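Reminder that position 62 of the sequence shown reads as 248 in my numbering, one-by-one numbering, no gaps.
Derived by calculation from the structure, the hints in this document are not laboratory data.
Be aware that a few hints might be false.
[What the hints assert, rightly or not] Each computed DSSO-like pair below joins lysine-lysine, with the alpha-carbon atoms no more than 27 Å apart:
1. 253 with 230
2. 277 with 253
3. 237 with 256
4. 253 with 241
5. 241 with 230
6. 230 with 256
7. 253 with 237
[Stated by the list, open to error] Here are the simulated distance ranges between beta carbons:
8. 256 with 280: 16 to 24 Å
9. 248 with 279: 17 to 25 Å
10. 259 with 279: 13 to 21 Å
11. 280 with 260: 19 to 27 Å
12. 258 with 279: 34 to 42 Å
13. 279 with 230: 19 to 27 Å
14. 280 with 258: 37 to 45 Å
15. 280 with 226: 25 to 33 Å
16. 278 with 248: 13 to 21 Å
17. 277 with 248: 31 to 39 Å
Computed from a predicted model, the values in this text were never measured in an experiment.
Where a beta carbon is used, it is the ideal one built from N, C-alpha and C, also for glycine.
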Amino acid sequence: MGAKKIEIGKDWFKAGSKQVRKVNKFEQVSITKSEDLPELMTTKEAAEFLKRHYKTIEEWRKDGQLKFLKVRGRYFTTPEFIADFLENEQKRNG
């Protein structure tokens, strides 16, 4: 299974989040599955990676925007789920 690579546009972060941050310079970003990222990520780890508050990530989980797995009462996401989420956000924002 190869790494999934997606291109993220300059306005992907304007996706209706209440915590939109102003950025002076935002370059095109490529995300690939990396050995640096854990296979399963907690809500707080995903929030750190996406540079969002963990409550925002919880809202995305509850709304079904970002996929999570429930393992013994705890929620985890994967780098692939995050890549799919970002790809969908890019498509939605055109």
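Cross-check of the supplied hints:
For the proposed pair residue 253 and residue 230, the alpha carbon gap of about 15 Å is at most 27 Å, so the pair holds. Taken as a hint, the residue 277 and residue 253 pair is honoured in the structure, with Cα atoms around 17 Å apart against an allowance of 27 Å. Distance restraint check for residue 237 and residue 256: the Cα-Cα separation of roughly 23 Å lies within the 27 Å cut-off, and the hinted pair is therefore satisfied. Of the supplied pair hints, the one linking residue 253 and residue 241 holds, its CA atoms being roughly 15 Å apart against a limit of 27 Å.
With a CA separation close to 9 Å, the supplied pair residue 241 and residue 230 stays within the 27 Å bound. The straight-line distance between the Cα atoms of residue 230 and residue 256 is roughly 15 Å, inside the 27 Å bound, and the hint therefore holds. For the proposed pair residue 253 and residue 237, the alpha carbon gap of about 17 Å is at most 27 Å, so the pair holds. The given range of 16 to 24 Å is broken by residue 256 and residue 280, whose C-beta atoms sit roughly 32 Å from each other.
In this structure the supplied range 17 to 25 Å holds for residue 248 paired with residue 279, their Cβ-Cβ distance being about 21 Å. Between residue 259 and residue 279 the beta carbon distance is about 34 Å. The supplied range of 13 to 21 Å is therefore violated. Checked against the hint of 19 to 27 Å, the pair residue 280 and residue 260 fails, with Cβ atoms roughly 35 Å apart. A beta carbon spacing of about 36 Å between residue 258 and residue 279 agrees with the range 34 to 42 Å that was offered as a hint.
The hint said 19 to 27 Å for the Cβ distance between residue 279 and residue 230, and at roughly 26 Å that hint holds. Range check, residue 280 to residue 258: Cβ separation about 39 Å, and the 37 to 45 Å hint holds. As the Cβ distance of residue 280 to residue 226 is approximately 32 Å, the hint placing it in 25 to 33 Å holds. Restraint check, residue 278 to residue 248: a C-beta distance of roughly 18 Å satisfies the suggested window 13 to 21 Å.
At about 21 Å, the CB distance of residue 277 to residue 248 disagrees with the hint of 31 to 39 Å.
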